[in-house]
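Q: Sequence:
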Amino acid sequence: MAIEAPTQAPQQQRQKTREQQRQPPCAKAAYHPSEGWRTQPHHLSKEQLWERIRQECKRDADDEPTLASFLYSSILAHKSLEQALAFVLANKLASPTLYSTQLKQIAEDVYREDPSVMEAAMADLHAVLDRDPACDRYTQALLHFKGYQAVQSHRIAHHLWLRGRRALALMLQSRISEAFHVDIHPAARVGRGILLDHATGVVIGETAAIGDNVSMLHHVTLGGSGIGSGVRHPQVGHGVLLGAGVTVLGPVTLGPGAKVGAGSVVVTDLEPHSVAVGVPARVIKRAAESEPCDDMDQIGFLLDYVI
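175 is the number that full-length UniProt numbering gives to position 175 of the sequence shown; each next residue is one higher, with no gaps.
Worth double-checking, as some hints may not be accurate.
[Stated by the list, open to error] Pairwise CB distance ranges, derived in the manner of DEER restraints:
id, residue 1, residue 2, range
1, 77, 174, 41 to 47 angstroms
2, 226, 41, 41 to 47 angstroms
3, 268, 289, 20 to 26 angstroms
4, 230, 72, 48 to 54 angstroms
Simulated from the structure, these hints should not be mistaken for laboratory data. Even glycine gets a Cβ: it sits at the ideal position worked out from N, Cα and C.
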């Protein structure tokens, strides 16, 4: 008797469909991430994104009834992406003395006062899906990726910092560090389309500035040098890739499209589209057409590196 081949499970079928829909890195089009953030044709509008997120949650709730309550309270019970993201972040950052209801209201107020904060959150969500091969759904990043959640929490703290609410901003910094193991000073400036992959141990100092489309992995430090009142921390250009364990110290500038190999220590400026590795880091290659934040290639340069 012939044995029929097993059919694909619904989860596998959806993943296959999602992979077919995944767009190639936007660097292959006319757009260059090292020139700054720009919405791409395959990126969804806010309304489309919100509807896609709700659809993903409904399917997950059907497949995993155990998660139905979690998905309903986190996503499906809300009327907008702003409300859902505020709820998710508030419940991650809450403590016995800092209530989730208070934090949710603070986040919603920020999104209402400055729509660009939500626009940046959407850009980050698209960036995660575009660049992280382990992520095949928006809800995966929104609900479970602490790197994404840490950056969105920082955006709220930064908004408060700029408006003089520094005590609250510093409290949020402390909670972000405790909840996500990511320490970003609320004064630090962060662009759009940011990917913090894994994110554990990331430290970004007070006067650091990060451009658009930057990708960095865990244990990256953008540290300061000196005790002066001026710029003491790195200035990271658009489209930069920082590998795992990279340390950048002092007010150095990393040019657009630069790549720093894992474990390197950078103490001098890097020109645009240069590849640097080592302790201290030295430039081993320049590739004017490369867009490392998109291809996320962390080992391709090793063949060119001789100790």
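Q: Hint by hint, note whether the structure agrees.
A: Each hint, compared with the structure:
1. 77 with 174: 41 to 47 angstroms: violated, 29 angstroms
2. 226 with 41: 41 to 47 angstroms: holds, 45 angstroms
3. 268 with 289: 20 to 26 angstroms: holds, 24 angstroms
4. 230 with 72: 48 to 54 angstroms: holds, 50 angstroms
Hint 1 from the list above is the single one not met by this structure.
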